[in-house]
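Asker: Listed below, chain by chain, are the residues.
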Amino acid sequence: MTALRNISALVEKEWRHYFGSPIAYVALCIWALLFGGFYFLVINRFIVYSLRAGASEFGGGPKLSLNDWVISGVLHNMAVVALFITPMLTMRLFAEEKRQGTIELLATAPLTSTQIILGKFLGALGLYALMIVSGLVNFALLWHYATVPPEWKPLATGVLALLLVGGCFIALGLFMSTLTRNQIVAGTLTFGLLLGFWILGWMDDPSAGAVTQFIARLGLLTHLEDLMKGVVALPDVVFYLSFIVFGLFLAHQSVESQRWRA
Amino acid sequence: MIEVENLTKRYGRQTAVDGVSFRVHKGEILGFLGPNGAGKTTTMRILTCYLPPTDGTARVAGYDVFEQPLEVKRRVGYTPETPTLYPDMDVQTFLDFCAKIKGVPARDRKGKIADAVEKTRIGDVRTTLIGRLSKGYRQRVGLAQAILHNPEVLILDEPTAGLDPKQIIETRALIKALGGEHTVVLSTHILPEVSMTCGRVVIINKGRVVAEDTPENLTHRLQGAATVRLEVRGEGPELESALGAIPGVKAVRHPRPGVFEIDADAGRDVRADLARLVVAKGLDLLALAQAGMSLEEIFLHLTTTDVAAEPPAATEAPPAAASGEVQA
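So the sequence lines, in the order shown, correspond to chains A and B. Quick note on our numbering: the first sequence kicks off at 1 and runs consecutively. Quick note on our numbering: the second sequence kicks off at 1 and runs consecutively.
Bound-form chain A, shown alone (with noise of 0.2 Å):
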């Protein structure tokens, strides 16, 4: 009971901090902007393709899917707008309060370290998640002019393989922000560090070794597949969710090791 007061708590500290500065702001409209921007262009895209498609001598193929096609495709794009736009969500996040000394009023009052871990992670969190949202109402435009909605169950898949992936992001980041009193090298560690999670994605190759194909595993990317077609993965789910508790527990070892570092 009191750890929830006290993470909830922590949650409201960071969103009071986020939208009584520019970064929550600046963080939404890039978002919105990019997420619009991928939409309008996908959704060209489509209408261009299944003219071209009804057009053919054949008939057409196999009919074009909202959900394939446009859905999927800019939720794909905006796990890689999240790589670059997370880490300056969560660089702040210890960095500041260590400069600030803000670090030991925390630290002496009765909260655990995976109290303030996680009011911290959630607040991050939660505000990515507020993004995500916002790019949503693009797609409610579908159901509401296409002759043939969207199914909602791949969307739904598809929300939560963007918000699993980001809360990665965010745990990692979070992690680095323990490292260091200086944000820009928080910022720039997680960045460089989500981009080698990218690349890794890379090395998938059906035909590669059994090493190359679990280093590939790794690539935090390559995880979204299955989740953005509309299938529960399981194993991808857990995947992402372990990603997270790491994270986590990395960035409590960090702090609690500070401590005793000193």
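Check the hints yourself; a few may be wrong.
What the hints assert, rightly or not - Across the chosen pairs, the derived CB separations fall in these ranges:
{"#": "1", "chain 1": "A", "residue 1": "229", "chain 2": "B", "residue 2": "54", "range": "50 to 58 Å"}
{"#": "2", "chain 1": "A", "residue 1": "3", "chain 2": "B", "residue 2": "196", "range": "37 to 45 Å"}
{"#": "3", "chain 1": "B", "residue 1": "25", "chain 2": "A", "residue 2": "25", "range": "48 to 56 Å"}
Stated by the list, open to error - Footprint (simulated), chain B over chain A, 3 or more residues, beta carbon under 8 Å:
{"#": "4", "stretch": "15 to 29"}
{"#": "5", "stretch": "107 to 113"}
{"#": "6", "stretch": "175 to 184"}
Everything labelled a hint here was simulated from the structure, so no lab data went into it. All C-beta atoms in this analysis are idealised placements derived from N, C-alpha and C, irrespective of residue type, glycine included.
Knowing the structure of chain A, use the given hints to seat chain B on it.
Answerer: Chain B alone, transformed into the frame defined by chain A:
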């Protein structure tokens, strides 16, 4: 209330706190005195569970700072030297946040905050962003935050630093008022502050306790012999020798006309005899005062002489060592 046993903290090779032991009783105000870098802040950070000790133990309200930090933190209010505040929050929001994380129940929150605001007199800046406050106000917001949850123990690291003289007086009065109900440990390097607010003083230098007593006793003990300063108008040539003849007087100095400094045996009050003699001689007695060694002098004495040469327990009052060894 606070028991510190043989506390040691090393940063790498550097020893910040070296075998410090002291106790603070319930309701007492303890002054923690020492030059900058003596280990005051480190000791306080250990007491507030911010840093773990390298060696030794510290217990607050019966809970070990290392074993049961949460219990300790619940009972301690703490302001570091530079108050830890969020510059982008206003005072009200900040105190509200602090009340929440300190576990003040929702129904008491408003009252407790109002109480702390009133005690620290920050009512007029409640809606101001902390980043825009002056140093003095920030210091007081830090203090308000510390007393917010009505903790049993208050640990204040230089609570009057950066305040103007009026605020200093008000803050000292507040701290004095907090003693009794709360147990207070306050650090400072301002000496009058200690004699004004604290019931007991621990003087620390280079990580070691060099003296521990009440301010009066410290003054008294280190005096060795009591010195009385006497001012008279119209003096006879025989006055100096007559003063010297009073029983209990060890030495008489006559630094300038009309002023005598009389050393008496320790524990012997010769003031009444002196007064009687002056009046009997038909002279005007202008001033008669016990010229004890001020806390300032004691402090300088304790912190500038070689600690190793002098055992940390300065409690047996090194006789007459007072004036001779002061190097500053």
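Asker: Does each hint fit the structure? Answer for all of them.
Answerer: So, going through the hints one by one against the coordinates:
1. A/229 <-> B/54: 50 to 58 Å: At roughly 57 Å between Cβ atoms, residue 54 of chain B and residue 229 of chain A fall inside 50 to 58 Å, so the hint holds.
2. A/3 <-> B/196: 37 to 45 Å: Taking Cβ atoms as reference, residue 3 of chain A and residue 196 of chain B lie about 43 Å apart, which means the hint holds.
3. B/25 <-> A/25: 48 to 56 Å: holds, 54 Å
4. 15 to 29: holds (count 4)
5. 107 to 113: holds (count 6)
6. 175 to 184: Coverage by chain B is violated here, the residue count being 0 at a Cβ distance below 8 Å.
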